[in-house]
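Q: These protein sequence lines map, in sequence, to chains X and W.
The C-terminal residue of the first sequence carries number 874 in my numbering, and the numbering is unbroken.
The C-terminal residue of the second sequence carries number 1115 in my numbering, and the numbering is unbroken.
Be a bit skeptical, because a hint or two may be false.
Said to hold, decoys possible - Listed below are the simulated DSS-like cross-link pairs for lysine-lysine, each with C-alpha atoms no more than 27 Å apart in a straight line: (1) Lys1081/W x Lys29/X; (2) Lys1030/W x Lys1081/W; (3) Lys1088/W x Lys1030/W; (4) Lys29/X x Lys1088/W.
Treat the hints as calculated values from the structure; they're not laboratory data.
Single-letter residue listing:
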Amino acid sequence: MTWHRRSALDRDRDEEFAAHLGEAIDYYKARGLSADEAARLARLRFGNPRAYREQLDELQRLPVLDVLARDVRYALRRIRQAPGFHAVIIVTLALAIGATSAVFSLADAILLRPLPLPDPDRLAVVGYQRVSASGAYTGPAVDGAMWAAVRHHARSVDAAVFIYGAPDVNFVANGTASIVRSQLVGEGYFRVLGIPPAIGREFTRAEAQPGGPAVAILSHDFWQRALQGRPDAMDQTIRLRGEPYTVVGVLPAEVPDFVDADVFTPLRAVGQGLNYRVVARLRADATRTQANAELAALGDEPFAMQRPNASVTRRLVLVDLQETLVAAAREPIVLLGWAVGAVLVIACVNIAVLLLARSATRAREIGTRMALGGSRMAVVRQLMVEAGLVAALGGAAGVFVAYAGLEGLKAIGGTTFSEWERVTLDARTVVVSFGLSVLTSLLFGLLPAWQTSRVDVQAAIAGSGSRSIAGGSRHLLRRGLVVAEVALSVVLLVGGGLLLRQLLFLQALDSGFSPANLYTTSVSLQDARYRDPAAIVRVFDASLERLDRTPGIEAAAVSQGVPYQRLLNMPFWFERQADDEPKIANIAYVTPGFFRTLGIDIVRGRGIADRDRSGTPAVVVVNEMFERMHLDGGSALGRRLRIGNSEGAGIEVVGVSRDVQQSAAGFLLTGMRRGPLLTSPTVYLPAAQGGDLLRAFAPVWTVRARSARDAAEAMSGAIAAADPLLPTGPVRSMAETASRVLAQPRLIAQLVGTLAAAALLLAAIGIYGLLAHVVSERTREFGIRLALGATTGGIVRAVALSGAALAGAGALLGIGLSFPASALIASFLPDLGTRDVPTYAGVSLTLVVIALVSSVLPALRAGRLEPVRVLREG
Amino acid sequence: MRRRPKTTDGDLLGGTLDMLILRTLQSGSKHGFAIARSIAERSDEVLLVEEGSLYPALHRVERRGWIRAAWGVSENNRRAKFYTLTAKGRARLAEESSRWRELAAAVARVMEPAS
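Looking at chain W on its own, in the form it has when it is part of the complex (with noise of 0.2 Å):
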């Protein structure tokens, strides 16, 4: 039995799951559970967002203008919705990428001050 997903976008940073979202989009589009096994795995199973807060995400993101959603075939040949990361979400991804490296490093030194 695994560790039972306890968190949920609410323990995340606020906007943190939009900012993992894009990212795992950056690779190119993914439908609800890649995007979700995708954030999992990068993080070594220790982000384990419940998947189906993926989803208010993935529409308040998709409306912002960040993503695109269209329907498409998974390698399961099985109908699912793929989201797309548009020009304008790459523009927000390179700006919160920059930020977040920011906060972690500030974070870092708060936390572990070297010398």
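Chain X extracted, bound-state conformation (with noise of 0.2 Å):
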């Protein structure tokens, strides 16, 4: 009701009230009274004016409202009477609902969510299973004849081969160069997928037979970068790794992020390797069992490019499209959702710890109301405003941390995991973390409107409170779940503190170079014009006898990759070797100047020198891990070796370096340690004699420079003046590659450890209000003690020592279950393990300190306790 009509009605019932006595007057007066006389009757007669006001505006009222607000009123003075104990509980609210709304925001959008596609459950990939003694495995990559059998033969489902991923491939267009990302799709993948090109069309049958013409379709965004968006764009001409290829269509604005390269030509997928993936649509009248039995239907064709093997079953089987697309992002997310999950039960079981420890002051005050005649409706009506306010307090700054916190895991993890710079802030999921709060602090907070059923209200009163509740299955209860939320800090704490050690343990190893002032950029050279090895070599010559010259340059060299990143490996043999079963190393092609610019030390013999050429002796540099892998430790120099088809006298080994970190073999060998970082047995032969390595992997040039600007200038202009067409990549400092290798884990040892940081905190807060309420409530019987001789210090020990055993209790408990659940990251603690005892002990001395300050607050305040005041007063 507003002020300007309250005030109307006020002076509409102020006037009648004055007419009433005006006749009442004139009536007493006509009955022969004096004026003064009618007057003192009239009002005598009329009773308080006041009180009948006062009665009307009751009346007059917005009832529930009214009550409400009053409600509110009330719930507002007892929160800021209480300040701390509020704010500790809106904090928590808000950490909570936050932290939790936000990482399942994340996990929604990318495990959960299904595909901006058409019928997403009726798309999936078609997965090659073997199955044998040692168990079943079931991939995705397919081979030539599993794919022609598909296509040929699976009725219930529309199938289309792809080859997964993107390269790098040179496109040329008014005659400057740049790098696109090109895969090869065949016929029909645009159709299955269910994204119709908005230009033109997709690639025929015929397009994509062998021989077919070259055609490509482009994305949206790379059609309008390149093509600058012409309508006209079909039958246009692009050159890609220098051939001419015709456009034929381009793809919608909007398509899933798995669409991701900018120009698709077409697959011919008949090849032996398994390089190809085959996504497959049900067709309308069939089900994915229909389609798995007739896959399983097909016998032995598909597999007639495989080595026959009689142990191994081999079949077809549909695997879902959306799980494959999102392996790798699923092993953080889901980490991530069990620790918030943690976060979350600890922070309801905080505010259910800390509102009934207060629930004994309450219940006192309610019995006082009660006496006075409030009814118990208006109690519980009152608790449950209360909470409800505290809750929706809670619930608003819980609804501000998770969109930061969502923009702040989009800022550090967006690099790591590129699908997450598009996630939003999901409302769903902030509706049931913050239903699921205020459910916890309205159970909770009600506790004392129901305890107070089993209070007499005139002990209630006049006691101290804690003599007259059930006490006893309250503190167990009180005291459990302090346990149980210790114990489950703990668990994060081991979780979060291993992930840490196994960074730390990443970050000391030795790189063994100095990658102090390096940069790199890489170039591709999938171009018509380096078909031929020699004209690879001459453009390495050309560029780097610029680079020696350019001043601020120290060194420059290139290689088929850098330290920190992965090499492509090979088989080979040695000269004389006993069996002919291949040996396995990384191999890399490198120029003279490679051991110098990188600064890996050459331990025994010679590094790669300039009369290592074609036409000159074959010679290797291996590394010492190859010494320790295949020569047990043994020298390498003066060993000949086979790589691949070379024949003749062999490679003679003619150095042997230092081990460098690597981000990843491609294989696996017992005494190697597994990535993200690790040192594998590797072979080094000169680029000059690199032969078909040479067209393998995009080479990269390294420089060491003065600074970044020097550096990105002199390479792109050395390669440049080697090559106006040949497009250069980004420049990279050597320390922000080594970064990235470790990126991952660092994002999850952070995310862990923050949440683990807020689950302890959450945990000593729960302590202490526990301890401090313990305090509170027993303040009648510490002040009997002190009287009857009881020392302060006594008191203090035996109030810290009760905390301290909660602690205890809550560690070993915690400690016991972080066994098990610390299986779950096992896969992310490759060097470490899951048993590492400076974490446990870390962790252990860590929550001590914790509770020990926790629980000495309050026992300190037991200590300060006055006997003759608390006697008198409690």
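With the hints in hand, could you dock these two chains into one complex?
A: Spelled out as structure tokens, the structure:
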């Protein structure tokens, strides 16, 4: 009701009262009373106008809203009376709601939300399953025969073949070169996915046959960039890899994240390797079961290209498309989900503990109100309004935390997981975590009202609370809750600690070279003009010769990959080796300046020299790991190798270099570490003798320079001088490359570590809240004890010890739970494992300190009690 | 000096004041003081409600839709609010009256067991 309306009603009523008195006075005067007497009598018979005015006010109000407003005012007053207590609850709620919503928004968007394609649940990938005595393995990669069998015989699915990934290729337009991502897809790929081209058409069957025409489909973005979005893009010619391609189609602007290439060219899938993938859409009348049965009935035909092996059963099966797409993103998000779930549980437990602790005080207050005639309904309503208000404040703060948290996650995780960048806060997850927290606070906020039903009102008012309430079971519940929350936070701490220790371990690894002032760039040679390896060597020589003369460049080299990247691997044999089982090693070609430029020591023999060219004897340098893995630590100098199909006298090992860290090897030998950083047996051969190897993988130029700008200018200048149509990639410092390799473990350690810290803080608040309350509850008892001669120290010790006991019990339980729980993160701990003693010791120590601090503070309060005052007032 | 008015509607049986208001309005619209006078006179000055208590009751009865209020002019040429019985109020009054008669008769039988 507005103020104006209210005041109009007031005037109305005052006028009516005045009229009443006027009429009464006239009436009494007409009966012969004097004016004074008449006025007196009229007022007397009317009664107290103020009382009636108030009664009318009450009647005129909107009753429900009014009562609510009064309850809210009262609740706000209660909140202001205990600001610390309510701040803690609100912060707890905000943290819980915020963290949960942020992480579940990520999980939902990446793992759960269906792909933005028509009928995504009818899409699948055809997987190749091998079942042997050692177990079943299903992979998404198939060969040409498997694809042919699906294509010709599987009637229940509409299938298309494609190659996973989009390698960089050169694209030339208007005399400038750039690098674009090009993917090979078969006929019907976009039809099966349900992405019809926005302009033009997709590849026909004839175009996807071997020997078909050179045609291309462009992404919407690339069409805009390369052809300025020209509507007559169809039948235009673009130059890819130095060859002309005719544009036949342009994709729509909105496509799923995994359709991320710039250019698509037809895939002619007939090869023998497991290089293809097949995407399939169930036809209208078919079910997944029917399709799987049909694939199983294909018999041996799909496996004609695989080596027969009686002990392995092979079949083709449908695999969920989304699962194969998000496999890499799944682990960290699932891990985060568990960690956040634990924090949410801890937060709810914390709220419960705090509200329980307060319920005794509340019980006394409620007793008073009920003794003064408050109905139980009114009291319950009041408590609900209070709990609801606190929950609403916490929830509102939680939405902010969620928003900020998600932005934070994207800021630190977006470079590692590109899918994260587009995620927005999901309203449903906010609602769910909000609801959960509100429910907790309502449930435990109402507990005092429920307890008063078992409370003798008089005793609750008279006593200090603890004597009258069914205390035993409540204490047990509270203690149980605190132990549970400490245990959970220990589990999180152990997880965070293990991840952190693994990260520290990786960061402390000896890189094997000097990464300072090194800058790299890579160049794609996927170009028709570089089919001849000699042409590639000429580009290397010309650009390096120019770099050597550039001021500010200390040293320069070209190699196939640098430390912290992954290298090719290749089988090889030693000359005069007893059996003909091939051995395996990583392999890279390098120019003569490589070891000097990167600062990799040659420990024995010599490095690659200028004289090692085509026509001179073939030589290689191997690393120390090569000697350890393949020669039992014996010297490799003078040994001869055969690599791949090499003929003749073999290749002589002329030097041994130090090991450097790589990001992956592609194979695992006993004694090798698993990634993300490892050293592997490696063979370096002279670029000039690289042969066909020069055409695989893009070469990397490395310079040691004074500054990034010097390096960038010098490298692009030198490469452009050698061939102006070669596009150079971005220039990266070696430090950047190194930090990219560790980005994922660092991110996960940071996130889990942050959550563990939040959990620890909440657990500390829980311990503190419980003990602080125990102290206030037992004030009277402590007073008596002090009066009877107990020492202050004794009481402080008793209180602190009870807190320490809770923390200890929680820690033991938590460490017990950590063993199975850390199995969840075992794959993130390749070097440390899950039984790392320093982690457990560190966590236990941290917990002891935190538990002591949060126990001693309330205990000291107990020690400051003055017996006389306590007894008089308690 | 007259008898001091001691009763409030709390002393009347629950809802009785509402019924009395409806009854006095049966003969036509009245303002507040006229209603008070009417009750006092018809009860031979026995039922002396504190006159102010009429107004919360009037408000209650008005909100239930049994009476209607409108500003008018009294015999003494004073602006006053006049209350009029509505059709709904008339029906209510009939109901209340018969219930009241039953109740009064029953109370009378209890208090004066004649035969």
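Q: Evaluate each hint against the coordinates.
A: To see whether the hints hold, each was checked on the structure:
no.: 1; hint: Lys1081/W x Lys29/X; verdict: holds, 22 Å
no.: 2; hint: Lys1030/W x Lys1081/W; verdict: holds, 8 Å
no.: 3; hint: Lys1088/W x Lys1030/W; verdict: holds, 18 Å
no.: 4; hint: Lys29/X x Lys1088/W; verdict: violated, 37 Å
Hint compliance for this structure: hint 4 is the single one not met.
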